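The listed protein sequences derive, respectively, from chains F and U.
In my numbering, each residue carries its 1-based index in the first sequence increased by 267.
In my numbering, each residue carries its 1-based index in the second sequence increased by 30.
These are calculated hints, taken from the structure and not from any lab test.
Fair warning: this is a prediction, and the values are worked out from it, not measured in the lab.
Don't take each hint at face value.
Taking CB as the label site, the calculated pair distances span [unchecked claim]:
no.	chain 1	residue 1	chain 2	residue 2	range
1	F	Leu529	U	Arg251	54 to 64 angstroms
2	U	Asp130	F	Glu332	36 to 46 angstroms
3	F	Phe471	U	His284	39 to 49 angstroms
Selected chain U positions facing chain F (Cβ under 8 angstroms, derived; list incomplete) [stated by the list, open to error]:
no.	residue
4	Pro35
5	Lys84
6	His147
7	Pro231
8	Thr233
9	Ala237
10	Leu242
11	Arg245
12	Gly320
13	Pro321
14	Ala344
Cβ atoms here follow ideal geometry from the backbone N, Cα and C, with glycine treated the same way.
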Amino acid sequence: MKLHIKNGRVVDPASGKDSAGDVYIADGRISASFAKADKTIDAKGLVVAPGLIDLSVRLREPGLEYKATLESEMDAAVAGGVTSLACPPDTDPPLDEPGLVDMLRRRAKALTRARVYPVGALSVKLAGEALTEMAQLAEAGCVAFSQANVPLRDTQVLWRALQYAATFGFPVWLRAEDVWLAKGGVAHDGEVATRLGLPGIPPFAETVALGTLLELVRATRARVHVCRLSTSGAVELVRRAKAEGLPVTCDVGIHHVHLCDLDLGYFDSHCRLEPPLRSQRDRDALSRALAEGVVDCLCSDHTPVDEDGKHLPFAQAEPGATGLELLLPLTLKWGQAQGLSLAATLARITAEPARILGVSSGRLAVGAPGDLVLFDPAAAVRIAAETLKSQGKNTPFLGYELAGRVRTTIVAGNVVYES
Amino acid sequence: MQRNPQLNANGELQHLLSIEGLPREILLQILDTAESFVGVTEREVKKVPLLRGKSVFNLFFEASTRTRTTFEIAAKRLSADVINLNITVSSATKGESLLDTVANLSAMQADIFIVRHESSGAPFLIARHVKPHEHVINAGDGRHAHPTQGLLDLYTIRHYKKDFSKLTVAIVGDILHSRVARSLIHGLTTLGAPEVRVIAPQTLLPAGVEALGVRVFHDMRAGVKDADVVVMLRLQNERMRGALLPSAQEFNKHYGLTGDKLALARPDAIVMHPGPMNRGVEIDSTVADGPHSVILPQVTFGIAVRMAVMSIVAGN
């Protein structure tokens, strides 16, 4: 199968290239130009870029199919231009056994949509007590190990887990939140939470835990990716850790560069997120740090929640927002606000997450996987429950019009989505 | 910003969910209406027919005897039919969702829901889902708001002090967990009280409380000095010993209202408490039963204020 995409605005964030041109795919990979194509796509007026890579997508399988299924969320992924995704281990049961990981990969592969990279549980049942069989999980296809949003209370277990992972060179992806300081909290501990009478999570719940984590990285040299930063203080800690040469990367969720605690309004449970939406100052610091590269990449932190889970008082509502289909438009909106080039903007959801995942996609170089997204940067998307493919309709952006409409998504040279 | 969910399209009170965001005129309308009902509560036949044929559902997801009873009396004096539901021991324990419970009661032709819930914001959720002719009155949600208590406090202050524009009001105790304090603070700042003080140890103050428009004091003697009104808050039993406070005794010593501390306030100062009181913890009996105390009149005014709120929302 030979695919020729012509007349597009070809943007390759890895090389910074942004020019009119053609892209060729042969045998599932990006190739040099050829004369005779089996299929030609006219990309006039469209941006042709590497398919998006999302480091945190909850597919809800196994075990949580009432919230979403692999089918619905893989549809949502390709509709959002996402061609590779990493899924955290907080399924039911958690991804702590090679058999579960193997089954998930087979199911995902059979659907032939986006590529799925499972992140294995760092501890058995995510309970933070016993280590998982990381080497066997890696053989089954796990690309990293994580606790998802489940805190690891015991710092000795954390230390040992990092040592063990470092032994094999496995990356560990962790959120930084001190379980005691965050205890009972559901919102950023500030004026808004005080007004609404919501129990707060202080910003130092993040920096205290991050300080501990960085100290353990210093001791173990484990490769740690810090997930979902939410505070300006954490940004500064990561900045210093990187300057020191620690093997640390980090990401921020797409909501946290656009929203802050004021958006809770009158207890909008769509804004109940983990970590919580923080102050305007934090939001602006995260946005800037992402532009500067201190924060490496953006992710959707896609978390489909059913209506029953959100039709509850704020504190009881299940945290999380659907995000796969909003990742592209919200990233474009962020890049525009920061005054970045399109290539630099897209790097945060293509080349940068590819580097963290250690995969060769996320670029348009010859020989790279033939994963592409073709989108109209000016066309508006109206975010509505009826049009979202994800089974989760839970997003603070319902009713918004956002620029950046995906027209075609290609995985390994096959068109997997067209609109 | 979304439209204030308490107001209808004409800017009238559709639901009473929080004092925050209510215009001064509506607060005064409620206080003035309450004043006209105080007479009713003193008559031999304590009834007016304003809510005849209407159904008021007391929907208490959190136990409360006093507030529920005063709402019940208020509704009955307006000639409404009152149905009391103690949800903690019925549907919630059977797993029925909050909105299902409300939808079921709505199908029984409710007109007014009086809601108490342990979770901040629960009455907002209910108000978003009731039918247009139904009204929701917040009877206390988590730490967020207790607007009828705030209004009866305002009523009491106005009754004794006439004018808010020169008042110093000191609110003492567990501000962190207090919906009563939040509601009163919003009411006082809206009605123009120039100095609202909160007095508590740091452990009982929420983050950024100054943003509500209050002055923070940790020293109670400095805080009650020259106050016209001293409002004592209830300290819950389970919070008297733990990470927030070492003991009830130590709290009483530093933050309990004793005669000698009250002597620092203005000679005509009034002392208020939302009840139920912990005598010897946040307030000494000599003060609670003393000449400055208006704690029992608060309860009486509370009925008139709740009659006012119900009659106003039912008329909008």
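Provide an ascending list of the numbers of those earlier hints which the structure does not satisfy.
1, 2, 3, 5, 7, 8, 11, 12, 13, 14
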